[in-house]
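Protein chains: 2
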Amino acid sequence: MAEDFDILVVGAGVLGLSCAYHLKVNNPTKKILVVERLADAAQGNTARSAAMVRNMFTSRDNLMLAESSINFYRNIQGSGVDLGMKQTGYLWVMSERQLSLNEPYMQKMEKNGIQIERFDLSRLKQALPALNTEFAASDEDSRLMELENVGGAIFGPKCGRLDPEKLARFFLAEFLEKGGKVVYGTEAKRIIVESSKPLGVEGEPFVWQEAKIAGVVLQGEINGEVRAETTVIASGVWNNELLEPIGIDGHVKGKKRQMFTISARNDSRLAALMHNKSFNQLDALPFVILPKSACFIKAVDEEARFWVACDDDLNQPYVNVPEPDIENYKADPRYYEENVYRILKAYLPDFEGHSRPDQMWAGLYSYNTLDSIPFVFLENGLIAAGGGSGSGIMKADAMGRIVDCAYRQGEDGEAELYGGTGYKIKRMGFKSRAVEREEWVI
Amino acid sequence: MAEDFDILVVGAGVLGLSCAYHLKVNNPTKKILVVERLADAAQGNTARSAAMVRNMFTSRDNLMLAESSINFYRNIQGSGVDLGMKQTGYLWVMSERQLSLNEPYMQKMEKNGIQIERFDLSRLKQALPALNTEFAASDEDSRLMELENVGGAIFGPKCGRLDPEKLARFFLAEFLEKGGKVVYGTEAKRIIVESSKPLGVEGEPFVWQEAKIAGVVLQGEINGEVRAETTVIASGVWNNELLEPIGIDGHVKGKKRQMFTISARNDSRLAALMHNKSFNQLDALPFVILPKSACFIKAVDEEARFWVACDDDLNQPYVNVPEPDIENYKADPRYYEENVYRILKAYLPDFEGHSRPDQMWAGLYSYNTLDSIPFVFLENGLIAAGGGSGSGIMKADAMGRIVDCAYRQGEDGEAELYGGTGYKIKRMGFKSRAVEREEWVI
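Chains A and B, in that order, give the protein sequences.
At the far end of the first sequence sits residue 442, using my numbering, and the numbering has no gaps.
At the far end of the second sequence sits residue 442, using my numbering, and the numbering has no gaps.
Don't read these hints as lab results, they were simulated from the structure.
Note that CB positions come from ideal geometry on N, CA and C, so glycine has one too.
Check each hint, because a few of them may be wrong.
[As the list claims (entries may be wrong)] Taking CB as the label site, the calculated pair distances span:
| id | chain 1 | residue 1 | chain 2 | residue 2 | range |
| --- | --- | --- | --- | --- | --- |
| 1 | B | Ala137 | A | Glu177 | 18 to 24 Å |
| 2 | A | Glu3 | B | Glu225 | 56 to 62 Å |
| 3 | A | Asp412 | B | Lys431 | 27 to 33 Å |
[Claimed, not checked] If the Cβ cut is set under 8 Å, some of the chain B residues that face chain A in the computed set are:
| id | residue |
| --- | --- |
| 4 | Val193 |
| 5 | Leu199 |
| 6 | Glu225 |
| 7 | Glu244 |
| 8 | Lys255 |
| 9 | Asn315 |
| 10 | Gln316 |
| 11 | Glu338 |
| 12 | Glu379 |
Work out the full structure, taking the sequences as your base and the hints as a guide.
The following block contains the structure:
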């Protein structure tokens with residue numbers, strides 16, 4: 001017979017652990033258990049992330065969630081906990097067409113207090129001489145690929161990177177220190193739905209009874225029913241696996257994203273590209289987004305390699321209930337060669353010759369296909385959170401605070417994000433969803 | 001080598017056939033093919049519907065879609081085509097609590113021009129003497145089931161029923177008559193995605209190419225690639241099956257609904273209940289919705305039986321990609337006995353003794369889990385429609401007009417619904433969805 005808990009959190013990724021941390025901080029006497037299928041924390045999609053953070057969004061919701069979370073992370077790191085945060089900045093390289101298309105969004109961001117800098121072409125060329133800004137008329141590849149000449153760039157100095165595993169371990173350590181409990185290697189097999197006033201009859205809950213979520217059946221280090229007053233589903237891309245069988249839409253679909261790394265060790269040009277004095281105090285190349293397919297380059301100087309990837313919405317399948325083992329989703333070196341590499345070398349010819357990645361991996365974005373903004377919703381005895389849609393880690397602190405507030409105050413509550421901004425729980429639900437759509441999708 | 005078409009419609013349910021009909025009417029020279037997996041038209045969930053129509057919605061969108069469609073159906077039937085329409089009315093029996101909860105919605109409906117009548121308790125008792133309106137304090141069953149005493153009713157005289165198969169066959173006959181083509185026993189195996197400017201290289205479309213939907217691969221009576229300028233996905237609850245593999249969310253999840261029938265043949269009380277002079281000119285019991293679990297009773301006089309069912313949102317699983325054979329979803333007589341029957345006999349004691357249904361079947365509602373209002377969205381070369389959420393048949397005409405308009409005018413178009421009301425395509429998409437949520441869910 002397993003122990004009962006006040007709160008049971010399913011998933012020890014960065015979201016689940018942020019939820020557990022904030023729940024424990026604000027409800028210190030409550031018994032909280034985090035359940036994780038894998039053998040350790042943050043080993044699913046948290047570990048597979050591009051691990052970047054930015055405050056550049058047009059949606060007020062995205063901005064509030066990301067900016068408050070990033071400020072919290074910065075504060076934690078400032079207090080001496082290494083979260084691997086580096087404020088390298090984001091450099092969005094754009095064509096003339098893209099620049100003018102995006103100018104209204106830039107203005108909206110500035111109005112919202114987001115610091116951005118516009119680089120015109122000559123300043124950009126000076127700051128990043130390795131960038132190829134103009135394709136010769138005779139360049140057949142760029143013509144076939146419909147690559148646009150570079151018109152300039154937008155720089156977001158407050159953006160940068162962090163280490164999601166370190167962040168998750170911070171939440172975890174604090175949660176454990178405060179008396180929280182975690183069990184690994186333990187799968188939530190199904191959610192227990194029962195009548196709020198059970199009659200002890202087979203077949204309950206009947207449709208004429210009020211049903212509530214009463215916990216989860218576990219298998220692994222703990223086996224059997226674990227009952228909880230509140231069950232928090234924060235299993236990311238696997239939300240549907242538990243929620244659909246009880247008639248609740250998990251509101252996420254997975255989409256594979258592949259990451260490739262290129263070593264700069266034996267290539268003096270790439271080694272030089274890694275360091276750049278024009279954008280930040282760190283002597284680091286900022287996170288660069290190219291004008292085609294959102295192809296990006298992340299310079300990781302401590303590894304002496306670049307992480308590169310690109311965007312491929314259409315034709316990359318959605319997965320409703322992914323396989324339990326995320327390792328089954330593989331990156332394909334041909335995908336790199338035919339897609340990423342061709343864009344990369346066109347705009348940054350220093351990558352020429354690096355047609356094979358030295359490392360690669362795949363992860364699944366957990367998309368909220370409606371508006372790509374995360375959600376938190378309540379059912380009787382249950383709180384579900386997710387839908388990071390590729391930017392969940394940089395919003396995880398705010399999401400944890402919202403889930404905790406949903407627990408304490410219910411649907412009508414208003415969470416206090418880090419820094420003091422209020423955020424109404426209802427904005428994030430689906431019954432009266434009121435989030436602002438993100439316009440700045442390049 | 002299969003023939004090419006201008007438009008290919010996947011699904012010969014009532015929605016697909018309405019789309020095909022309106023597309024053919026407005027684009028008479030276009031070659032249109034409807035593809036259906038089953039051996040005949042309207043044999044999937046269309047045939048399993050409760051087959052009721054109503055104009056009682058608070059959402060302006062629901063109202064426009066349903067009312068214009070019902071008016072169209074009425075007009076068709078008026079012109080001599082039997083669609084099995086009968087204006088029996090809907091009688092929503094409610095407790096005092098429900099009546100006052102719903103009064104604001106009643107007022108909104110009246111403001112929107114929807115005809116409703118309020119029955120107070122004494123008028124209701126007189127009009128429907130078979131109804132048990134008050135439970136004795138000693139009645140343990142009603143106490144356990146938390147059944148509320150009846151406080152009155154809301155009557156919608158413009159509501160009623162129709163025969164969805166006849167409706168589908170009307171669309172089909174007109175479509176065929178105008179030169180459209182249908183193929184049965186033929187499965188759409190996958191959607192063809194290709195580059196809009198193919199290079200003839202393996203691996204296309206690459207991420208740097210613009211991708212478009214170019215048709216469907218078929219298996220059955222027609223085999224192989226069938227190419228089309230536009231592919232319309234109207235496969236109801238099976239939308240995800242084709243759309244997810246190409247990275248598009250089908251935005252539907254199935255949920256089983258079970259229907260049970262009770263014969264009135266050898267029961268004089270039930271035979272009497274079937275006829276009622278208080279609500280309509282047809283001497284027919286209106287469609288009655290009881291105060292618990294939306295348990296409903298549909299009197300089908302020509303069959304001398306009642307169709308009965310109830311609502312069970314939580315704990316009835318969502319199905320993302322249902323099995324191809326809808327017959328695999330079975331109704332369970334125990335579900336009737338333990339759930340429907342108990343509510344039924346409590347409010348309508350004439351059903352006492354009918355604890356076994358004489359017929360039963362199950363179907364899947366195709367829910368748009370976001371707001372339960374249908375959608376139409378476009379991708380390059382594709383139009384997807386669906387999300388009827390249990391009221392798709394009564395909106396099928398409007399949906400067909402919207403799909404046709406999306407084909408002719410694209411995302412920025414405005415469809416003309418039957419009767420002349422304009423309806424903007426964008427309201428129904430997901431990029432800038434602007435539908436009004438339905439509040440009147442009892």
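Going down the list of hints, with the structure as the test:
no. : hint                               : result
1   : B/Ala137 with A/Glu177: 18 to 24 Å : 55 Å, violated
2   : A/Glu3 with B/Glu225: 56 to 62 Å   : 58 Å, holds
3   : A/Asp412 with B/Lys431: 27 to 33 Å : 30 Å, holds
4   : Val193                             : 5 Å, holds
5   : Leu199                             : 7 Å, holds
6   : Glu225                             : 17 Å, violated
7   : Glu244                             : 4 Å, holds
8   : Lys255                             : 7 Å, holds
9   : Asn315                             : 5 Å, holds
10  : Gln316                             : 5 Å, holds
11  : Glu338                             : 5 Å, holds
12  : Glu379                             : 7 Å, holds
The earlier numbered hints that this structure contradicts are 1 and 6.
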